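Put the complex together from the two separate chains, hints included.
So the protein lines, in turn, are chains A and B. Under the numbering used here, the first residue of the first sequence carries the number 1, and numbering increases by one thereafter. Under the numbering used here, the first residue of the second sequence carries the number 858, and numbering increases by one thereafter.
Since the hints were derived computationally from the structure, they do not count as laboratory data. All of these numbers come straight from a predicted model, not from anything done at the bench. Ideal Cβ placement from N, Cα and C applies to all residues, glycine included. Keep in mind that the hints are not guaranteed to be accurate.
[Unchecked claim] Computed Cβ-Cβ distance ranges for the label pairs, DEER-style:
(1) ARG501(A) x HIS893(B): 39 to 47 Å
(2) VAL670(A) x GLY894(B): 45 to 53 Å
(3) ASP541(A) x GLY894(B): 14 to 22 Å
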Amino acid sequence: MSDLLKWKQHHMSHDLPLARDGAHHDARLARAARLEAARGELREASARGEGGRHAMRQYSHRMDALIQQLYADAGPLTQSVAVFALGGYGRRELCLHSDVDVLILFAGTIGRDDERFLHAFLNPLWDLGLTIGHHVREVAEGGGLESDNSEFLLALTDARPVVGDATLLDEFLDAANLPRTHARTLDALKGLIAERHAKFNDTLYQLEPDVKDSPGGLRDLFGAHTIAKLTDPALLANGGAGPRAMDDAEEFLLRVRSVLHLDTGRHHNVLSHELQERVAERLGYTGATPSQRVERLMGDYFRHARVIDRSLRFALKAAPAPIGENLVRGADGIRFVDAREASERPETWLGAFQAALDAACPVSDDALGTIGQNAGRFAAEAFFPSAGHRDALLRFLRLRPGLYARLSEMHECGLLGQMFPEFKAINCRVVRDFYHKYTVDEHTLLTIRNLERLLDHPPRDRERFARLLSELKASELLVLSLIYHDVGKWTDEDHTLESARMAHQMFDRLALSDEQRAEVDFLVREHIRMSLVAFRRDTEDPEIVRQFAQFIGVEERLKMLCLMTLADVEAVSRETLTPWKEELLWRLYVDTYNHLTLTYGDEVIDREQSQHSALLAQLPPDLSADEVSAFLEGLPRRYMQLFSHEAVYKHVRLARDLAPDAVQAWLDKVDSGWELTVLTHDRPFLFSNISGVLSSYGMDILRGFAFTKPNGLIVDLFHFTDDERFLELNAEGEAELLKTLGEVVLGQKEIAATLRGREQGAFRRKLPGFAPVVHCDNDSSRRYTIVEIVAEDALGLLYRVSRAMSDSGCDVDLVLIATEGRRAIDVFHLTRDGRKLTLEEQADVTTNLQRVLEGRS
Amino acid sequence: MKLIKAIVRPNKVDEVKAALEKIQISGMTVTEVRGHGKQKGHTAIYRGQEYNVSLLPKMEIEVVVPDSMADDAIKAIIASARTGEIGDGRVFVIPVLESYKIRTGERES
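Looking at chain B on its own, in the form it has when it is part of the complex (with noise of 0.2 Å):
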């Protein structure tokens, strides 16, 4: 099993979502976070007074596949968050040892 992390602009999110489940994976962990990545954020001006943005609001998703499916799973991600611009994101891919089901204690392969 792989976990996917993918953060990506907060618009892009519904569709991100809507790509993932065209190839079945409907489960998935969305969470608001803030950060940067080589934008590095950006200097504002508001009022004739410069303030520092450096970090920018972001889309967490979070979404553990079978390994067989890991592959098109970042690919759909990659595909429905690109705009090609920097900003886009990043997607992260991390292995899971062990999964297990709260309500019945039940472990998944």
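Pulled out of the complex, with its shape left as it was, chain A reads as follows (with noise of 0.2 Å):
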């Protein structure tokens, strides 16, 4: 850009050869006369006092003939070029010595031959003595409209071809990034109107005014119609002194400036004291002295400078602000610019939805009333075409303050049920029974709100509840299994099933992932069953949870139940959660999530299971089911869920004929971060110096687990973010990362001196916001002393405190690693010589980890 622009400088200068010969002499003759005959005309409409917007018109359009007559003449084009009117001459508003602004567009890369189109279209513009704002730009410079001058973009929002393809401005504008265009034009109209205001110490009572630049002058009006045109085209029909009384002060001040264009002979728009009489005579003004003359012709003009200054104010305070694509933010809420683009394009309308949640404003009647019209004509699929939009939607349904009020809009528009087909079946549906107090489609959305409650400020007795909400991993998953909950409801058999079979038409036309697929079918399918449990079972019955923590599986999925079924319940009526309930369901919960990071180590795969023949029956050809057995006998039944086939047949491969000394490690990227999976073979301080290679690379350790066969070899996953982006930036990042991993597990490299800086760092940075808790248990497990850590999250953490059992001479067998929020909770299996701790090196090892985690070690 900045070379176009040195070009442009350097050859569009007025020192530049003209054409001799005779024909082009006099072309320039009569194009001079034909201009001459056109500002005649204007100036004698101006001397009569009418030259406003008719006569205005008139002299554009001859302006417009005669750059046409140019285009025609400037030779042969090699590409498709046009030439559109800006500014003032865009509005088709231009006075007898007002610039004639052009934007002069290129399809494509401008060349030699252009070069010479532009001189000799520009060139006869000069030679006739006009002022020429010309801008010169390539369609493709569109893409970084943005950042260009904010003058240029001003004048663009008035842009009208002239001459040429007109096509090309929709190309150059397609090219732009129009939101993000239209909110840095606004912001710089609202800074120029600013700093000109401040220029007449903001009041527009100037005895002397200048007509188009005082506060209330010509600029402050086309200021308010800019501001309507990139906001809310009906903006200034609802506010300020309304469109005709602007007419007519548009009107009254272009005659004016007219008038002192024509008697000062060039751009001057100052309504002097001297010029006030000739202007008050050339409007026709009576009066029995100039002075009641002026007098009447001033009152005129502050009455219209009011005005337009009403309307300019009503506009800076009122416009919708841009805030998307074709969306603006205005005082009812989320608007679309242009209703009728809108309209065709289904895609777009959930970014309607999601600038409400974002602005925490409703969507506008009237952009609901446009979905609402238009909603019927399009499949489910228009709705989410690609793979971002499909991203957006899970996006949108993540749980926040607001979701429940912007369904309940898309559901009274029609649109809900237009992208979910099957939550159509419950509209206004009628379950009669003794305790049901809503149809079911408003149960539904209920149970979000009641969700969406327990985020600001929960009663004290839900705060548990609410913790539980924020530490989920994907809420949308579970805001998409409770609008997919009770669909079944249309049919008076089982809900659960056919409310889990309706959600299944809907995994591939969002195209979920298998993970997402398996925990939205779970929570649909089940979504009773823990209710069911809570409030109908003996669930002081240790069997009764065991069962139930068998069938549940995961600690994520416990999380995402227990809250599915607080917010059924509530939203069966206002009575129907009792405290009482709450109770039970919390205590259920806990039992159950004791149960799965407590006890897990204690059940170990069996040959008998369900998920063990799964494994064996599809088994690759190079695997036997004796070495997949083999493989799995002495693991917890919790690494089945953990790890898919493919991971099972990896491992299996993998840990075959491993050697004493072998480590294999690799790294995967996943959707949030990175996942480290590591087999080898125990060996003291093995998993404290894999946690410590990870912080020494400055990785945030987020989930992970630790298995140890009786055999001794160990499956270890790390999930971690890579915040300092060394994966990312380095090419060889993972294969140093490994090999490090490799050096310090087997013992030829130390990673403690490499760790402490970082430590040291993260020590300084971080100063613990609550008192760590450090839980010794040996009851809840028949094999091993469990310890339980709950600390405020640091680098390193993982490290120092495995360290710290290690050193007091524990096994490290099992570990759960999570992290909530800014809380570690991390369980530890551990044995001494194959055996529980005793009481006292359980006290030996509490009292190491606290003197660790007190940051005394």
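Shown next as structure tokens:
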């Protein structure tokens, strides 16, 4: 762009050689005569005091014809080129001595032939004595429009085609990010208005006003129109002085300005004392004395200036703010700038609800009306044509304040039922029983509202559930499951199975991953199970809890089902969820959670387990059933719930003939970070060394688990984020990390020193927010002493605590790592010489851990 | 008449209700209550932190029966609510002096 600009400045000078031959001379004379005729026409109208809108349109029209002629005469074109009128000329309000602003737009790259065209086109305009404000652009430059100069952006808002391929402007603007460009234009305009007003001491009551620049002048009038154009075309009809008064003010000021240009013979817009008499006279003001005539003229001036000032103030105050593609935020909520365009683009509608969610405001009735009128025309797929749109839907469904209200709006205008056709089946569905108080669709939406209320200062007795909600990794799956949990109630059969069947229809449309499908299917299918167990079974019976925990499998699923149950029961009626039921639900949650995290080590995989059979049924040819069974022997059942079949097969292959000093480790990029899997034989400080290596590279370990087989084979998995982007920015980063890992694990390299610097930095930066908790439990498991640690998350935490355990002579057999917000929640299953720890050993390890957690060692 | 007030495990309500219906006692009041008896609650641990669960959720079933049916009702409740473990609950029997139907004002004998 800068080179092009230099070229323009260099070549577009008045000193370029002019055509000397007779034909060109004649043409130049003819053009001059033509322009003079047009100017004469405007001069006469101005002299009569009629140099307003009509006369200026006429003059602009004549200028169009002149430019069209010059374009035709400028020689052959090698590509599409178009000329667009900008600013006042674009509005067809060209005054006698106004600048003529044009945009010359080329379809492709500007070459030598195009330069010749530019010379031939622009030079004659300068020769005519016109002040030309020209902008030369290539269509591709539209991509950088938002960072273009603000005055050009403002002039562009009035662009209209004069000659050439008019569609080039559409292409130019299509390449631009219009919402951002509009936002920047609007900001620039507001800045310019404030700056200009400051020059006039922010008052319109100037005794010698500038009819263009003063507050209440023509620039303010165009400013108000521009704000409306960029945000809400109907804005000025809804407030300010009203369109008719603005038209009158514009006509008056244009007439005055015409006289000023006429009588000064130049671009002069100040209505000075001496010119006020001339203007009053030409505009036909009556009065016995000149001062009476001036007084009346100025009275009218201030009246019109007030109209403009009032409208501009209204526009500044009430203008919807551009907040997305074809979206603005107005006083009544989120609106489409161009409703007609929106009506043809259903994939953009969710954006209105997302914007409303982000801005904590409603979607306007207008926008809901547009969607409501058109929603029925589109099939569900039209709302999510791309992966990006499907991801946007899942993002939208993440639980946050306002989601219920937005979903209700979507339901009321018919969009929810179009996006999720299965939901239509329960529209206003009445199920007659003694306890439900609302139609099924409203009950469904209320479940989401109930969860939403947990986010914002929940009552004290709900804080425990609110914490679960804040810990969820994918609250959107819970919301999606809630939307579908009762769709099967359209039939009087078992609604949970029918709901799950209907949810499956949605899975393909949204292209959910296998994991997401499994999660939603489980929640929908089993959404009443936890209430049945909590309220109808004897949950003090450990066997009931054990069975329930086994059914649930992992903590994340337990949390989701618990929250789903809470929200579902509460949405039945105001009275259904009593504190008594909440307590029962919470106790079942706690008992199940404890079972999942504390006693899973006792439940090892057995050959009769259905998952075991399923794994063997799909064996790849290079693996035998015996080999797989031998590998699984002694591993907790939880292992099967955490790894896919493919992952298990991979582990079996890698464990085959694994040498005593071999380390099999690999990294996988996953959605929200990385996963490190390690297969090796157990050795002292193994777990702390692995976590130490990750921390030494600045990795933040969020989740993970470690399994140790009775034969000493370990399978560890760490999920971590790479906030410093080491792996992303270094091509050899993965290889380096794995190499270091191997060396540290095999004792060929020391990690403590490398880690110390980072840890010290982390200690300095992070002060503990709460006291760490260390809890030793020798009762929950038959085989292990369990140590639970809840502490402020910090770099190297896992390394330090696991090292302290090893220092105390403990073997770290099983580990569950979880990070929930700022809290690290780690559960270690320990043994010493193959047995549980004695009371003294427990006290010793607890003391060591407390010291480490308090930073005393 | 006797007012029989039974505090039972929440999961036993349906069984108690069925047992009472079997001996022709169908009117009853069921209330969610919390309390403790000899159990005196217990200590629970969540994420390494202990908390005391002193009041346990129970269900209270109230029935008013003629004196002649009181023993059968008590037996039915005990039989259906019992698990043999601590925390099965209690049955209280209270004499009722008078009883009135609110709709008609009629005194019941």
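Status of each hint after checking the structure:
no., hint, verdict
1, ARG501(A) x HIS893(B): 39 to 47 Å, "holds (45 Å)"
2, VAL670(A) x GLY894(B): 45 to 53 Å, "holds (51 Å)"
3, ASP541(A) x GLY894(B): 14 to 22 Å, "holds (18 Å)"
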